[in-house]
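*Asks:* Below, each chain spelled out in residue letters.
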Amino acid sequence: MTAPSTTAPRSGAGNAITDGLLVGWRNLKRIPRIPELAIFAILQSIMFVLLFVFVFGGAIQIPGGGDYTPFLMPGIFAQTIVFAAATTAIGMTDDVNKGIIDRFRSLPMSRSAVLTGRTFSDVIYNAGILVVLMVTGFVVGWRVESIPALAAGFLLLLFFAYGMAWLGVWLGLMVPTVEVAQQVIFTVLFPITFISNVFVPASTLPSWLQPVAEWNPTSTLTAALRELWGNPNPPVSNSLASTEPALVTILWVVVFIVIFAPLGTRRYRSMSR
Amino acid sequence: MDAITAEGLVKVYKSRKSEVRALDGLDLTVGEGTVLGLLGPNGAGKTTAVRILATLLKPDGGRATVAGFDVVREPDAIRRVIGLSGQYAAVDENLTGSENLWLFGRLYQLSSPEAKRRADELLEQFDLVDARDRVVKTYSGGMRRRLDLASALIGRPRLLILDEPTTGLDPRSRLGMWDVIRGLVREGVTLLLTTQYLEEADELANTIAVVDHGKIIASGTADELKSQVGGERIEVVIRDRDAIVKARELLARDSGEEPTFDEHTRKLTVPAHGGAQTLVQIVRDLDEASIHIDDIGLRRPTLDDVFLALTGHASAEELANEAAALGRTA
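For the record, the sequence lines run as chains A and B.
In case it helps, my numbering puts the first sequence at residues 158 to 430.
In case it helps, my numbering puts the second sequence at residues -13 to 316.
Hint data in this document are derived by calculation from the structure and do not stem from the laboratory.
The structure presented is a predicted model; accordingly, all values stated were derived computationally and were not measured.
Where a beta carbon is used, it is the ideal one built from N, C-alpha and C, also for glycine.
There are no misleading hints in this set.
Derived Cβ-Cβ restraints for the label pairs, each shown as a range:
| # | chain 1 | residue 1 | chain 2 | residue 2 | range |
| --- | --- | --- | --- | --- | --- |
| 1 | B | Ser1 | A | Gly221 | 55 to 65 Å |
| 2 | A | Met331 | B | Arg285 | 53 to 63 Å |
| 3 | A | Ile191 | B | Asp280 | 52 to 62 Å |
Below, a list of computed lysine-lysine pairs in the DSS-like style, where the Cα atoms sit at most 30 Å apart:
| # | chain 1 | residue 1 | chain 2 | residue 2 |
| --- | --- | --- | --- | --- |
| 4 | B | Lys3 | A | Lys255 |
| 5 | B | Lys3 | B | Lys44 |
| 6 | A | Lys255 | B | Lys44 |
| 7 | B | Lys123 | B | Lys102 |
| 8 | B | Lys201 | A | Lys255 |
| 9 | B | Lys0 | B | Lys201 |
| 10 | A | Lys255 | B | Lys123 |
| 11 | B | Lys102 | A | Lys186 |
| 12 | A | Lys186 | A | Lys255 |
| 13 | B | Lys102 | A | Lys255 |
| 14 | A | Lys255 | B | Lys0 |
| 15 | A | Lys186 | B | Lys123 |
The whole structure should be built from the sequences, with the hints applied where relevant.
*Replies:* Here it is, written out as structure tokens:
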């Protein structure tokens, strides 16, 4: 063992891309080993679909006409992606508490790889969940106008997932335990997904709440998807959030990344304090 | 050159209500190819010291070098030459043994085939070949600890830092771990080891540094430390209380010093300057005087005695609960 090392490490503090891919590989490798996580994420979304389509669906009128199911499905996809921040936060907190982050930090690897690896692998994970949900959507009667529109909507969802992953990284590093991560995430995310146009048309909300619901990133994402896919999309007003929902959504994601990527990175760096 | 040096390390953990000085001017030196045992109760500052030396934590004061590199200014250079194995097995429990080693090898910047080869070697060396393709969740505590140590060795570090490598292991696994560590030391690895078990420091380390309240309060070889609290002594438990006065006189004559007496246990203790010879003389005299004894023995000081003498309080376990309140990080 003490023989002169033939495996002298390369110089520098690791390669950011290779190391990021390795961390991502590790995160993805874990998913089938803890199948409960993915299964319950999917079941939860399917539960929302069934609850709203069969329980509330009959009572909810879409202004301007249209069926409830095609109205609901884009919102369900958006809600699922918003909750993806929880997956990231819980994964991050768990890694800190299990000592894996310390192991990474004691290795001569790229400093940024842990966070980039985490955010990229969570986007891939969410892509998988979305595919399953979309198949479920087709089964209950959701349809899209064209394949390119479907692809564009899918990409928009993944871009949004990337922004949410950075929010998750930051939250995950702020809280002490996985239990607290869950509590915080659900307290923050439930209002975000419910004060929106996901389950009911935003125009049915009290008028003071309508602008909040209209500009809520979950709503703009949902409205953008409905518009892209030709699903019922009742407008709230003629503000930018209603007329250009895709553009507003992209701006939201940029804002998320600009705020939470540096915050998360700074938090990660300050672990040595 | 010294493998590790630390001068006046200070680390203060602040919370809203209190301030804990986890390190309060800690000095350390570990020579190339030697084993230093950092011994102290929970909360003494061992883990904090280790985390600073492993570049996981920045000190608030003082300076430290590892393999000649400064811990604050050159952390990357240090990470390339050390192996760290912590108190809480930092392996991924949802990866298999070989996946863990391969991943850490790659992140140590080995090429994929090199990492693979090195992982195979280590699985062999640590007796984990049969478990290589099982996820770590299914491993026993001892196997996890061995995998954790193997992970620390993936890059063939010259310098190994082990933080309480056997805490929480059953006695059998602990002995197994000791064998593994002795093997590494024989091969010339420099080792810094923390432990709250005196016996472990005695078994594995060349030099022991006793740490308490964030400072080194004594250091030296186990024998040097033991001689600080005096040499051998004889302890006699007298059966009959009436015979104690007489026994006391005999012991004082044979050893040349006044014995101490513990009322509760009826135990007389006296220094044994003549070693076993003094013991024989005392047995003979007590027998001649027809004084019945329940127990007699020549006792060498243990590191427990050392610890008690140095710190004024008992070793590890009693203090563990109290110290735990100060937080695991301390």
